[in-house]
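Visitor: Read top to bottom, the protein sequences are chains P and D. Position one of the first sequence corresponds to residue 1 (our numbering), numbered consecutively onward. Position one of the second sequence corresponds to residue 1 (our numbering), numbered consecutively onward.
Be a bit skeptical, because a hint or two may be false.
To give a feel for the contact side, a few chain P residues facing chain D, derived at Cβ under 7 Å [unchecked claim]:
#1 Arg28
#2 His44
#3 Gly56
#4 Leu65
#5 Trp76
#6 Glu77
#7 Pro82
#8 Ser84
#9 Leu87
#10 Leu88
#11 Ala89
In silico contact screen, one side only, chain P against chain D (beta carbon under 10 Å); selected entries [unchecked claim]:
#12 Val23
#13 Thr29
#14 Tyr32
#15 Val40
#16 Arg42
#17 Arg69
#18 Asp78
#19 Gly81
#20 Asp85
#21 Lys86
#22 Asp90
#23 Val91
Hints are computed from structural coordinates only; laboratory data are not their basis. All C-beta atoms, glycine included, are put in the ideal place defined by N, C-alpha and C.
Listed below, chain by chain, are the residues.
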Amino acid sequence: MPGPAATPRFQPGDRVRVLSLNVRGHHRTPWYIQGKTGVVERLHGPYLNPESLAYGASGLPPQPLYLVRFNQSELWEDYSGPRSDKLLADVFEHWLEPASDAPAKVSTQDERSSP
Amino acid sequence: MSSHDHPHDHGSGHPGVSQDVEPGLHALRVKAIEALLVEKGVCAPGEIQRAVDAAESRSPADGAKAVARAWVDPDFKARLLLDAKAALAELGYEAAASLPDVVVAENTGKAHHLVVCTLCSCYPTWLLGRPPDWYKSLAYRSRAVSDPRGVMREFGLELDDDVEVRVLDSAADIRYLVLPMRPRGSDGLDEAALAKLVTRDSMIGVSNPLSPEPALAG
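Produce the complete structure using the sequences and hints provided.
Guide: Here it is in structure tokens:
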């Protein structure tokens, strides 16, 4: 499945923000993580881009795909579980930008100990 | 059983054997698409049926075999967590390159995984068979991400607050399989007996495997 290796921009542990791209048509980035900040948990490798693949195109060039970890309490205002609960979602690289160490606007107490 | 308010012909005397049933709209559409795919050379005659047969031949018992092996063989477990497709091939589950990659998420005393696909119904079908209907429901797909503990409670699983719940939204190319924790009291069981404790739901993460007692009694 993976095509020619693209050099991944992010590594596990990197803080990233999910972009709110105005993609018309098919894409694989759920709305509830758009604009949210998380941490790269895992690099899955290069995968064909579903945004062109879905319309009969080649899906090339392959995009690095990451598993990104979010704090549930930063995704849902009324999240009722413990603050340690997480949500992990697969996100393609072109939907991610580096996040600064400044905590996201909505987060109150970020439990990060070091950058 | 005895109610007769449903319309059907009692004349022929062979219930379930229908003579000239016209195919429904969807069946006709599928046949037309299949014929077109063959005609255009996209796939060979019978290829779709073989794919359907292959998918139908899988069930949660297949995933359970992998889980039981991981419980009894730490080296296999390590390989399964590192590269699931390669490890599963050791058990005879050869995954065609066209099948989605699988990542196995291990439950421990500190972290519990739950799998959902909020965008559609992505599921490790080649290991577990077809997903249950509730997995595809809008209710599960929306609530599993925003209220996972509430969903698990409805499946009978109450987790302590010091267990981190980790919801996996399989939004893209990866299919996730949960490696549940080996149940207490299962030390004396062999691999085949252990596999019987591994339920479909425990590999999705909405519940834990069965306890050994009822399985032994059964």
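Visitor: For every hint, state whether the structure bears it out.
Guide: Here is what the structure says about each hint:
no.	hint	in the structure
1	Arg28	5 Å, holds
2	His44	6 Å, holds
3	Gly56	11 Å, violated
4	Leu65	6 Å, holds
5	Trp76	5 Å, holds
6	Glu77	10 Å, violated
7	Pro82	5 Å, holds
8	Ser84	5 Å, holds
9	Leu87	5 Å, holds
10	Leu88	5 Å, holds
11	Ala89	4 Å, holds
12	Val23	13 Å, violated
13	Thr29	7 Å, holds
14	Tyr32	7 Å, holds
15	Val40	14 Å, violated
16	Arg42	8 Å, holds
17	Arg69	8 Å, holds
18	Asp78	8 Å, holds
19	Gly81	5 Å, holds
20	Asp85	5 Å, holds
21	Lys86	5 Å, holds
22	Asp90	4 Å, holds
23	Val91	7 Å, holds
Hints 3, 6, 12 and 15 from the earlier list are contradicted by this structure; the remaining hints agree with it.
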